[in-house]
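Student: Single-letter residue listing:
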Amino acid sequence: GAGVSQSPRYKVAKRGQDVALRCDPISGHVSLFWYQQALGQGPEFLTYFQNEAQLDKSGLPSDRFFAERPEGSVSTLKIQRTQQEDSAVYLCASQAGYNTEAFFGQGTRLTVV
Amino acid sequence: AQSVTQLDSQVPVFEEAPVELRCNYSSSVSVYLFWYVQYPNQGLQLLLKYLSGSTLVKGINGFEAEFNKSQTSFHLRKPSVHISDTAEYFCAVSGSGGYQKVTFGTGTKLQVIP
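If you're matching them up, the sequences are chains A and B in order.
This note's numbering applies: residue 1 is where the first sequence begins, and numbers increase by one.
This note's numbering applies: residue 1001 is where the second sequence begins, and numbers increase by one.
Keep in mind that the hints were calculated from the coordinates and are not lab data.
Keep in mind that a hint or two might mislead.
Stated by the list, open to error - Derived contacts from chain A toward chain B, CB cut-off under 10 Å, selection only:
#1 Gly59
#2 Leu60
#3 Cys92
#4 Ala93
#5 Arg109
All C-beta atoms, glycine included, are put in the ideal place defined by N, C-alpha and C.
Let the hints inform the model, and build the full structure from the sequences given.
Tutor: This is how it looks when you write it as structure tokens:
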């Protein structure tokens, strides 16, 4: 596709519900990042993939958060047993290689009620 | 580890006036520096980046930034702003070379007043 695509754009979940957020990176991009952007804050790093390998997951806030990229293309961020503090915009970015520009998707706004 | 400080959470400025958005960083290693813009309900768009070379970096939409290593700053400037520049601007830093995660500041909302 022309850019990074994220779906859904908006998600409302009841507390305790599991959610799955999808990211379609730019075709051929090796690197993929997930960020969490809370209201009024800058994006905060969650995890990084190089192809299908998850090389850094140091930013995942708890073991309720899980990300995968099984074929080195589409990635899914899963949040189990959602809590109100999980409400945020989740941004995905892809990058062709080191020292190249990272392209961001429009994000998924998750609201936990 | 790196960190970024954007002291100004909001900056109002009249149309056609100059603007400077401040950014200071801290790092124990060489860094790459970035400015991103985020329009309402949009993703982040790269305005400009400093990787190496000239400390004055020019970006899109008439913006420029200067890397000052001694002051650990990377302030963003534009000589004459337009209404369409109203957005949130994020300064970001990463270590240089290879894979390095990007650390963002808390953002500065630029409000251009007609």
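Student: All hints are to be evaluated individually against the structure, with a verdict given for each.
Tutor: Quick rundown of the hints versus the structure:
1. Gly59: Holds - the Cβ of Gly59(A) comes within 10 Å of chain B, reaching about 7 Å at its closest.
2. Leu60: Leu60(A) check fails; min Cβ-Cβ to chain B is 12 Å, beyond 10 Å.
3. Cys92: holds, 9 Å
4. Ala93: holds, 8 Å
5. Arg109: This hint holds: Arg109(A) lies near chain B, its Cβ roughly 8 Å from the closest one there, short of 10 Å.
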